[in-house]
Amino acid sequence: MTDEFESNIETLSVAERLAAEALIVDVDGFEGPLDLLLTLSRTQKVDLRKISVLQLARQYLAFVEQAKALRIELAADYLVMAAWLAYLKSRLLLPPDPTEEGPSGEELAAHLAFQLERLQAMRDAAARLMARDRLGRDFFARGLPEGVERVRKVQYTATLLDLMQGYARIRTRDEFRPFVMDRDSVYTMEQALERMRGLIGFAGQWTDISSWLPDGWDGDPVKWRSATAATFAASLELVKEGHAEIRQSETFAPIQLRKREKRHE
Amino acid sequence: MSDAEETGAGTETAPRESLFEAPPIGEQERMVEAILFASAEPVTVRELEARMPHGCDPAEALVYLRKRYEGRGVRVVKVGDAWAIRTAPDLGFLMQKETVETRKLSRAAIETLAIIAYHQPVTRAEIEEIRGVSVSRGTVDQLLEMEWIRFGRRKMTPGRPVTFVVTQDFLDHFGLENARDLPGLKELRAAGLLDNRPPPGMVPLAGDPEEEGGEDEAPGQSELFED
Amino acid sequence: MSDAEETGAGTETAPRESLFEAPPIGEQERMVEAILFASAEPVTVRELEARMPHGCDPAEALVYLRKRYEGRGVRVVKVGDAWAIRTAPDLGFLMQKETVETRKLSRAAIETLAIIAYHQPVTRAEIEEIRGVSVSRGTVDQLLEMEWIRFGRRKMTPGRPVTFVVTQDFLDHFGLENARDLPGLKELRAAGLLDNRPPPGMVPLAGDPEEEGGEDEAPGQSELFED
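Protein chains in written order, with my numbering: chain A, 5 to 269; chain C, 2 to 228; chain U, 2 to 228.
Just chain A, with the same shape it has in the complex:
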């Protein structure tokens, strides 16, 4: 690699060699073929409007040849440009063929010159832009801004409908409250559980669950129903806790309950 490199540039003058090296070293630094062309065009040291596109094409092709010789991988678009410039070169050198369609070599060359000039102009403009006085570097905004305080005022609203629906909601609830509040004929599971906890210790024998009902709860069917349900639920709770055992011989047969004997291990 090194040998090849040296043998290749031996034939060049020192100045040329330096220039070539700069180009080759920078090849990654070029932003595409247009950028490279613009750089090459600078060596012509002329106004971009008077640039010789033909000469530029030759320079570019020489560059690509050299890069190839140095086995430098060139991106595809550099090669596409090379092919196009080779074509352009031939169009510029040969007398125009009147039968051929499309733009003339001069037109193509003029457009390329325009593109180069435009790119250069944008670069100059970018430099001028960046050189302007800039906020936060040359001039400054208020360092201690007083933010606009958002005073949020909440305004509550309600419609007559909301009001009536609200009232209806409460009154509807009221309608049912008496039944819930009416505890006279309701025997709760908590009540039953409390009562049975005190008694279960004495129930060594299987006893019909109906005998566990509190006094005065077996006459009125409503009260009997509530007390039976509560007592049954409480029985299950005691079984779950491990204090009692429960059994029923068949469907609808009486349910029986007794104390669970402590196991002696």
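Calculated directly from the structure, the hints in this document are not laboratory data. Check each hint, because a few of them may be wrong.
[To be verified] Simulated pairs of lysine-lysine, PhoX-like, Cα-Cα distance not exceeding 20 Å:
{"#": "1", "chain 1": "C", "residue 1": "K98", "chain 2": "A", "residue 2": "K157"}
{"#": "2", "chain 1": "A", "residue 1": "K227", "chain 2": "A", "residue 2": "K244"}
{"#": "3", "chain 1": "U", "residue 1": "K68", "chain 2": "U", "residue 2": "K79"}
{"#": "4", "chain 1": "C", "residue 1": "K68", "chain 2": "C", "residue 2": "K79"}
{"#": "5", "chain 1": "A", "residue 1": "K54", "chain 2": "A", "residue 2": "K93"}
{"#": "6", "chain 1": "C", "residue 1": "K68", "chain 2": "U", "residue 2": "K68"}
{"#": "7", "chain 1": "C", "residue 1": "K105", "chain 2": "A", "residue 2": "K157"}
Using the hints provided, position chains C and U relative to the given structure of chain A.
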């Protein structure tokens, strides 16, 4: 004005040459102005001095600057031992932006309001009894603040509790002439506003709720406006 | 300032003293002064109008205010259709403490920014045609993120590509009243360098649709703007 401009032109050269003469006082005033403007914190005279070219007298420049801003929209003020530019106090209102947000009244507030409207004059304990839950102070305060309810007479019952009644604002807002114009439960029901389904968790034990409700309410309603 | 704007602003400001006459212009100038001093961001005339009492003419007050600050340490500057107070650029040397390190922009980003500023509204394909290379997504993203560029209207050309334009932040950062004040803009235009000159026949630069990175982005971006 022209003075300032002239000195302004001079600046290009003045600032850096600390070995030379201090910039003219007008120029120093400009510097103090720019520093106070751009600084995120109030700036002490000492710091001004450190930041400005050698030989400057920021204290003197401040006197001029302060005078210049007298009666302006912003003022040069002393904050502790430092200086800052601040909005003139009479223009503080410009720094506020009022946004009005309309929000629905909460369910608790609506129910409380409804009870007061239907049962007035009513005590807090009575409201709680009717709603079945305690009434938060915030809810009552909100309604008082909105001026939809106000305190009524004290009840002649033990403890002489205060009562609540609705206000004229309330009537105006809801387009009522009188609290008695509020539709009764029967009308609410007729209008389909009364939900007959029992609230969840409550067991409809017996009878047709339709009938029962009707009977129940009638006396209650009449009581309300008896006095 | 048009009728529409006046009435538009009126609805917002009205509450305060809509029944009274607008304050004298000197007072309005103080108000504009206070508002601009208080804000780090440029404030539009419309917003000034919205914050000042009804009937005020901030545009007129701004004329006076701007004059008042000529040659001072801070200046009243126009940024697009908004106004701001900024320190005089010649005093930047005093503000080392406030200096903010702006992110270093790559050469590609700077060029892309300049192309957008000078050619706006400009499509990605046009940027690529000018630079002769495809524009990386990162470059555009960075400029968007800095809020120096934003999406403009779609071009009415096939594919309806999105365009890029510069923002108010861009103008503010570079101290430009508006995009027409870009340095050298007139000369570039006169020289025909801002023309969109189509290539004769096919030129294998980035304008070539084959290579256009823009192609695959187009659908993604179009989603953003489809309503």
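### Query
Going straight from one Cα to the other, do K98 (chain C) and K157 (chain A) come out at no more than 20 Å?
holds (10 Å)
### Message
Check whether the Cα positions of K68 (chain C) and K68 (chain U) lie no farther apart than 20 Å.
### Response
holds (18 Å)
### Task
Starting from K54 (chain A), check that the Cα of K93 (chain A) is at most 20 Å away, please.
holds (17 Å)
### Query
Given the hint that K68 (chain C) pairs with K79 (chain C), does the C-alpha gap stay at or below 20 Å?
Roughly 13 Å separates the two Cα atoms, so the pair holds.
### K105 (chain C) paired with K157 (chain A) [C-alpha distance capped at 20 Å]
holds (14 Å)
### Message
Check whether the Cα positions of K68 (chain U) and K79 (chain U) lie no farther apart than 20 Å.
### Response
holds (13 Å)
### Task
Sort out whether K244 (chain A) lies within 20 Å of K227 (chain A), counting only the CA atoms.
violated (26 Å)
The structure is inconsistent with hint 2 alone, although it conforms to all the rest.
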